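Undergrad: Given chain X, put chain V in place with the hints provided.
There are 2 protein chains.
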Amino acid sequence: MLEKVDLNLSLDKKNYRKRMDELETRLKELQQTIGELNIPVVIAFEGWSSSGKGTMIKRIVNPLDPRQFKVYAMGKLTEEITMRPFLWSYGTKTPARGLITIFDKSWSRGMLPESIFKWRLSEKEKAGYYYDVNAFERQLHDDGTLIVKFFLHISKDEQKNRLKALEKNPATKWRVDDSDKEQNDAYDKLLPIYEDMIHRTNSAESPWSIIEANDLRYAAVKIIEILISRLEAEVENRRAHREPGVETVAPPRVSILSAVKFDETITDEDYKKKLEKLQSHMAELGYALYAKRKAAAIVYEGWDAAGKGGNIKRLTKHIDPRGYEVVPIAAPTPEELSHHYLWRFYNRLPKDGHMAIFDRSWYGRLMVERIEGFCTPREWQRAYSEINDMELHWTNHGLTLFKFWMHIDKDEQLRRFKARQSDPLKQYKITEEDWRNREKWDLYEQAVDEMLFRTNTSHAPWIIIESNDKKLARIKVLETVVDKLSKSLRGAL
Amino acid sequence: MLEKVDLNLSLDKKNYRKRMDELETRLKELQQTIGELNIPVVIAFEGWSSSGKGTMIKRIVNPLDPRQFKVYAMGKLTEEITMRPFLWSYGTKTPARGLITIFDKSWSRGMLPESIFKWRLSEKEKAGYYYDVNAFERQLHDDGTLIVKFFLHISKDEQKNRLKALEKNPATKWRVDDSDKEQNDAYDKLLPIYEDMIHRTNSAESPWSIIEANDLRYAAVKIIEILISRLEAEVENRRAHREPGVETVAPPRVSILSAVKFDETITDEDYKKKLEKLQSHMAELGYALYAKRKAAAIVYEGWDAAGKGGNIKRLTKHIDPRGYEVVPIAAPTPEELSHHYLWRFYNRLPKDGHMAIFDRSWYGRLMVERIEGFCTPREWQRAYSEINDMELHWTNHGLTLFKFWMHIDKDEQLRRFKARQSDPLKQYKITEEDWRNREKWDLYEQAVDEMLFRTNTSHAPWIIIESNDKKLARIKVLETVVDKLSKSLRGAL
Chain X
1 MLEKVDLNLS LDKKNYRKRM DELETRLKEL QQTIGELNIP VVIAFEGWSS SGKGTMIKRI
61 VNPLDPRQFK VYAMGKLTEE ITMRPFLWSY GTKTPARGLI TIFDKSWSRG MLPESIFKWR
121 LSEKEKAGYY YDVNAFERQL HDDGTLIVKF FLHISKDEQK NRLKALEKNP ATKWRVDDSD
181 KEQNDAYDKL LPIYEDMIHR TNSAESPWSI IEANDLRYAA VKIIEILISR LEAEVENRRA
241 HREPGVETVA PPRVSILSAV KFDETITDED YKKKLEKLQS HMAELGYALY AKRKAAAIVY
301 EGWDAAGKGG NIKRLTKHID PRGYEVVPIA APTPEELSHH YLWRFYNRLP KDGHMAIFDR
361 SWYGRLMVER IEGFCTPREW QRAYSEINDM ELHWTNHGLT LFKFWMHIDK DEQLRRFKAR
421 QSDPLKQYKI TEEDWRNREK WDLYEQAVDE MLFRTNTSHA PWIIIESNDK KLARIKVLET
481 VVDKLSKSLR GAL
Chain V
1 MLEKVDLNLS LDKKNYRKRM DELETRLKEL QQTIGELNIP VVIAFEGWSS SGKGTMIKRI
61 VNPLDPRQFK VYAMGKLTEE ITMRPFLWSY GTKTPARGLI TIFDKSWSRG MLPESIFKWR
121 LSEKEKAGYY YDVNAFERQL HDDGTLIVKF FLHISKDEQK NRLKALEKNP ATKWRVDDSD
181 KEQNDAYDKL LPIYEDMIHR TNSAESPWSI IEANDLRYAA VKIIEILISR LEAEVENRRA
241 HREPGVETVA PPRVSILSAV KFDETITDED YKKKLEKLQS HMAELGYALY AKRKAAAIVY
301 EGWDAAGKGG NIKRLTKHID PRGYEVVPIA APTPEELSHH YLWRFYNRLP KDGHMAIFDR
361 SWYGRLMVER IEGFCTPREW QRAYSEINDM ELHWTNHGLT LFKFWMHIDK DEQLRRFKAR
421 QSDPLKQYKI TEEDWRNREK WDLYEQAVDE MLFRTNTSHA PWIIIESNDK KLARIKVLET
481 VVDKLSKSLR GAL
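Heads up: the protein sequence lines correspond to chains X and V, in order. Here the first sequence is numbered in this note's numbering, starting from 1 and rising by one per residue. Here the second sequence is numbered in this note's numbering, starting from 1 and rising by one per residue.
Hints listed in this document are in silico derivations from the structure and should not be mistaken for laboratory results. Computed from a predicted structure; not experimentally measured. Check each hint, because a few of them may be wrong.
Claimed, not checked - Below 30 Å or equal to it, Euclidean Cα-Cα: the simulated DSS-like pairs (lysine-lysine) are: (1) X/K222 / V/K487; (2) X/K58 / V/K429; (3) X/K292 / V/K181; (4) X/K58 / V/K181; (5) X/K168 / V/K292; (6) X/K105 / V/K429; (7) V/K181 / X/K14; (8) V/K292 / X/K105; (9) V/K471 / V/K487.
Next comes chain X alone, as it looks inside the complex (with noise of 0.2 Å):
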């Protein structure tokens, strides 16, 4: 594919002038449309060093607003990067909707350890990092976002004509390293790897374009024709209102909740025997993951008044508080709301060595979002596989994640209801949401039910726990991390 590309392209300066100044006007006029429209829009490049990348993007944003814009280059992997799953740098900074983000090296290769371009990734670890990537993508697109990538593609002579010429430049000399003269050596190599990369990544949705960027003036219009074409189509759709139907999924045939049984207690003398001990393996735990620099992630979803905030007090109790973080969830901010709504779990992500405690999170997708009609259907029944994905990602990078249901029966809510509106210390955890939630108990259980069957993978489990009796659901939580967290952590470095 790329060795067919046709590097002699060119275009003179006069036609490019004037070609150019249609194109700019056209690309402002469009920034207007999308901000208008609210459609959040990322392109990305990549390509060979020296390849024009910082020059195509300076075409790109001449004629933009600066506000509407952001460019980042993503080239180093500094140690804020490598402590997290790869996509967090990208998961932390796609576009609020009507603005663009442009990266210069997308997560197509920008983060992919250099490895693969040295031969030292399996078959096995590729096929999982170019499904992160093509989920990613999707994630995005299924959201609203327009995708643009550019591979920039020069010929290996062409590269090191401009390697020497920049080196040659006293003023321009510190932009060429050892790193960029190793690709020159290994063009040959690297050009099946590139090949391979663009035929993976490669969708309908997110399509590459690949530039023949010997010639900038020609690389330069073809880009902006290419970027106008895809606004405008995509703007097109959106005044459309075209939007697929909503898939229809038939619900689990058995009930998970129905299934929960509370015949199970604890006594006062052995809740107080198991908890003391759990809690210090717990704080032995912490500085484990630190040492072995592990990151968790502990979420907490159940009824209200299920016990959460009292099993977390007792979770962290004697974990090191450098350690670890309670992350609460509550209604997303306008700014989350105008992003991806995983954003601001990305936001969140515990790096590694570090512990974050979910007090509800992304699940609220498929609760009470669902519920309110805080999104569309569409939406929510996306949401399964886009979570899927995303814990996915997490736990390939040695993220241990629990997922946590905390269960009590209707009367078992009733009893807690009642005796919190009676203590006037406790008055003020229970509002009139609460009731009205209380009603729609059957339609929460349904999608409950639903959640807990489509989220429930191998990778990332639901754990249900019986919270009738508060202390034992204590135990049951502090068990199953104790025990899964040794686990992970004995086997790791």
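TA: For chain V alone, kept in the frame of chain X given last:
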């Protein structure tokens, strides 16, 4: 001071548990109260390695609701940190109102170049450093933040024993590194340096508490007692609405704005010639900033319709977009409002090698916020020195700061407003609010005069750009930036 501390103070287990139970109950109540009263609290820990900072933080957070505090370990100097003024890591982490932030190692030492402990910092450098530290604390205090600072003191022998014990245990061995042992060896030389630090950053509003920490039980009780008494005093204060009176500051005697002349103009030919040349120079300077790892911030303030947007476009035209960011400043979000008003600008501080262009800025405090009553008179009066201090801190780090006041006269504004209204493509640029602001021209003029006068410092002077002639204004901004940046880069490494 430190030498005279009695490190033999201790507490037996029984008394400790009894007292601690009382203290924990009280602390829990107080947390709820500071939440209700919206008081932000910062707790900072300093002290010798192995003095028990982690344990003490654990004791404090134990009774607290984990959703209301954050703990930050600030020990490690990552690249993210060293590429910015050292207060950046703290300025971006200060608590929202009603919440508690705990720093394990504070701005008083955490980010201080290790050199101060190795006697390589000059007296002048130290003075500048402590000036920044004290200014930062004063700003937080003035904004209503309670600051509680603990210094954990242990003896040389105790430290040695603790390090040995940690090393002997395979589970904790990794927590001891060479720098800990070096610290123990240099204990006697470090003591006076710590003393000096405590002495120079001790103030009535945020005093140090020295904690005898040879006995951890004694230390924990003392820390929580002090914390409770500080919290109680602050709550009492707040409830009594004790606000110091408004300082009266005499307005400047001379109107700076009324002295601005608009005689000068530029011919189209001259404009075109100069523009091209200056723009390519700017592109080179963008690369030079990156190569020399220097940051720059360019602030645009000015009357509505003074031409900020067009000016920014001309300034950035040829700069590599990966090296700069345009930061539009609009009305603050609820999250921004719940923090210190400079918090959001710390979050936009450009890192070394990069440029940030602020389309409006922190000076909103002294104009729209002052005039529309979005802050109290005391708050905007305080802002003069707060802003001067922040800018000093940034420029001390090596950042070059430009502050442009884009000045047009009242008639010119009217002409531009009318032109916008009659042009369908520009109508979106003019709103009712612009007309309302225009009616307050005189009030704004007075506020701007005062602002230009009081925040015109040698490290960050104001530059008034006569903007009745837009083209001339663009050339003047470009000339100023090119000139000053070239000079400051010539001085850089």
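Undergrad: None of the hints should be skipped; say for each whether it holds.
TA: The hints, checked one at a time:
1. For the given pair, X/K222 sits about 39 Å from V/K487 by alpha-carbon distance, which is inconsistent with the 30 Å threshold.
2. Restraint check for X/K58 and V/K429: the C-alpha separation of about 25 Å stays at or below 30 Å, so the hint holds.
3. Of the supplied pair hints, the one linking X/K292 and V/K181 holds, its CA atoms being roughly 22 Å apart against a limit of 30 Å.
4. The suggested pairing of X/K58 with V/K181 is violated, with an alpha-carbon distance near 52 Å, which exceeds 30 Å.
5. Distance hint between X/K168 and V/K292 is fulfilled; the C-alpha atoms sit about 19 Å from each other, no more than 30 Å.
6. Proposed proximity of X/K105 and V/K429 is contradicted: the alpha carbons are some 35 Å apart, above 30 Å.
7. For the hint linking V/K181 to X/K14, the alpha-carbon distance of about 70 Å lies beyond 30 Å, and the restraint is violated.
8. A hinted pair counts as satisfied when its Cα atoms are at most 30 Å apart, and V/K292 with X/K105 qualifies at roughly 23 Å.
9. Between V/K471 and V/K487 the CA atoms are separated by roughly 24 Å; this keeps the pair inside 30 Å, and the hint holds.
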